[in-house]
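**Q** So the protein lines, in turn, are chains H and S. Heads up, the final residue of the first sequence is numbered 379 in my numbering, and it's a clean run with no missing numbers. Heads up, the final residue of the second sequence is numbered 85 in my numbering, and it's a clean run with no missing numbers.
It is possible that part of the hints are untrue.
What the hints assert, rightly or not - Sample of chain S residues lacking proximity to chain H, with all beta carbon distances greater than 10 Å (derived):
hint, residue
1, G16
2, F49
3, A68
To be verified - Listed next, the stretches of chain S that the computed footprint assigns to chain H, with coverage defined by at least 3 CB atoms under 8 Å from CB atoms of chain H:
hint, region
4, 21-32
5, 38-47
6, 52-63
Calculated directly from the structure, the hints in this document are not laboratory data. Even for Gly, the Cβ is constructed at its ideal location relative to N, Cα and C.
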Amino acid sequence: MSVEASEWRYPPITAGLVAQIGRERVAPHAAECDALARFPHEGVSALAEAGLLALEGAPVTTTDLAMVARTLGRSCGSTAMVWAMHYVQVACVQRHCEDEPRVLELLAKLREGGGVMASVTSEKGIGGDLRRSFTACVTEGETSTVSKDASTISYGAHADAFLITCRRDPDAVASDQVIVVADKSQVTLTPQGTWDPMGMRGTCSPPFLIEATVPSAQVLPVPFSDIAALTMVPLSHILWSGVWLGLAEEALSRATTFLRAKRKTNRADDDRRLALAETPLRLVRNTLASVIDRYDNRNVVSIDADFTVELNDLKLAASTLSIESAQMCLEILGIPGYQERTPFSVARIIRDLYSARLMIANERLVATNSTLLMLNRSH
Amino acid sequence: MVDDDAVCRIVADQVGMTVEQVSAADDLWAVGLTSLAAVRILMDIEDEFGVTFPDDSLTRDTFASVPALGAVLREALGADTATRS
Chain H
1 MSVEASEWRY PPITAGLVAQ IGRERVAPHA AECDALARFP HEGVSALAEA GLLALEGAPV
61 TTTDLAMVAR TLGRSCGSTA MVWAMHYVQV ACVQRHCEDE PRVLELLAKL REGGGVMASV
121 TSEKGIGGDL RRSFTACVTE GETSTVSKDA STISYGAHAD AFLITCRRDP DAVASDQVIV
181 VADKSQVTLT PQGTWDPMGM RGTCSPPFLI EATVPSAQVL PVPFSDIAAL TMVPLSHILW
241 SGVWLGLAEE ALSRATTFLR AKRKTNRADD DRRLALAETP LRLVRNTLAS VIDRYDNRNV
301 VSIDADFTVE LNDLKLAAST LSIESAQMCL EILGIPGYQE RTPFSVARII RDLYSARLMI
361 ANERLVATNS TLLMLNRSH
Chain S
1 MVDDDAVCRI VADQVGMTVE QVSAADDLWA VGLTSLAAVR ILMDIEDEFG VTFPDDSLTR
61 DTFASVPALG AVLREALGAD TATRS
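If we strip away everything but chain H, and leave its shape as in the complex, we get (with noise of 0.2 Å):
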C-alpha cells in the first residue's frame, strides 16, 4: 500500500522499544552475520516495520538519534552502523532537498519499501578525502550520468539507493561537489573485490565500479560543501560515535556482570579496573551531548572552525577512548571475554571498534585540527 507523505505516521521512538529491537531482532543474528561476513537481513528488516529507518522528518532530537545508534550498538556493531550510515544518507537528501519533488518522490518509495541509501563518497586515488571527487557529473539534455570507482560502499549490494559525490561538471575542480541520488534500478555495480575484515563485517563494504544514469533532477542542487558541513560531516561523527559508545557499554556491561557472578563465590575486594573502564566512556558521552547541544544551536554565518574542532575531536576521542574501555573490559573477563562464542564474549566487539579510527583516518582529522587550530590567536 502507498503511502502518502502527509499520511505517515512516525513510530513513537523511545528507549526501551529500541532496546527491546536490538535483544529480540538483532542481537540474536550478530554473530552469525559476523561469523559470515553477511549483511544483517534480519535486524534491518526489523528497524524498517518499527519504522526506525524512516525517522528523518519525525519529531525526534539529534540526542534521540544518538540513543538509537548507541542502543543498537550495544546488540550489534554492524546493524547500528548500517543504521547509522543509512539515517544520515536520507537526512542529508530531505534536510537540503525539500523543494525537489523528483528526490522526495524516491525517498518515498525508500521508505515504503523499507530499504536502505547507501553512500558512495570513497573513490580509489582519492586519499580518504570526502571533500574531493575524481570523476564528474556529466549532463546531456535531461540525462546526468556518473560513474565511480569507490573503494568502498558499505551494504552496496543491500541498498536500494545510492547517494553518489562527484565533481559538478567535467570542468569543475575537485572540491567542487554534487550529490547525485540513484535508486538501486539507475545503477550498475560491479564489485571490484572481497570483503573479508577484521569487524564491521556485517556492513559488506567491498571496493565497487558504479555506474549511474539518472534524470538531471537527481542532482541536487545544493553544492555538497554545505550538505557536508551541515549535515553529513556533524551527523556521521554523531551517530557513529553513538554506536562505538553502545558496543564499549555492552562490554563494559559484561565486565560488570562476571564480576558480580564471580563476587558470589570469591568475596575478593572489587576489582579496580571496572572504575578504568568506565571513565572513558564518560568523557565520550559528556563530548558527545555537548557536540548535540552545540549542534542543535549551531551558527552557522562564520566559517566556524572551532565546531569543525570540536566535532573532529569528539570522532578521535569516541574511536580511541571506547577501544580503550573495551580492551579494560578484555582483562577483567580474561578468557571467556577472548573467546568468540561465550556469553562474557568481547571478542567481535573489540575488532567491530577497531575500524572506528579507519571510518575517516584519525590521522586525516588530526592534521585537519592541526591547520584550523593555527586559526586560534589566544594561545
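Based on these hints, arrange chain S on the given structure of chain H.
**A** For chain S alone, coordinates are given in the frame of chain H:
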C-alpha cells in the same frame, strides 16, 4: 596600494583553480573552496603581507570572493600603517 592579483594567486594555489577561474567566481564556496583551504589562504595572505586579519573578519563572506578578501586586506594594512605612524 595592494591590488587583488596577489590575493587571486594565493586563492588559486590553495583551491587548485586557475587565476582566471578564481577571478570569475562570485562565490568561491560554491565552486569548491573548503574551510581548510580558507584557513590556509588566510595564513598565506597574512604571511605575505605581514598583517593580521581581525577575528571578526573571519566570516564566510570574507572568503567568498577575491574583492572581499582584498578589501579586508587593505583595511588591515591601513590599520597596521596607522599604528606604526
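**Q** How about the region 21-32 of chain S: do at least three of its residues have a C-beta closer than 8 Å to a C-beta of chain H?
**A** Coverage by chain H holds for the region 21-32 of chain S (5 residues, Cβ < 8 Å).
**Q** Within the assertion that chain H covers the region 38-47 of chain S, do at least three residues meet a Cβ-to-Cβ distance smaller than 8 Å?
**A** As far as the region 38-47 of chain S goes, the hint holds, because 5 residues have Cβ atoms under 8 Å from chain H.
**Q** Given that the region 52-63 of chain S was listed as covered by chain H, double-check it with a C-beta distance under 8 Å for 3 or more residues.
**A** holds (count 6)
**Q** Should the label of S/A68 as a non-interface residue stand, given a Cβ cut-off of 10 Å to chain H?
**A** At roughly 13 Å from the nearest Cβ of chain H, S/A68 sits farther out than 10 Å, so the non-interface label holds.
**Q** When you look at the beta carbon of S/F49, is every beta carbon of chain H farther off than 10 Å?
**A** 16 Å, holds
**Q** So is S/G16 really clear of chain H, every C-beta pair being over 10 Å apart?
**A** The claim is violated: S/G16 sits with its nearest Cβ about 5 Å from chain H, within 10 Å.
Figure legend: structure checked against the earlier numbered hints; the only hint not met is number 1.
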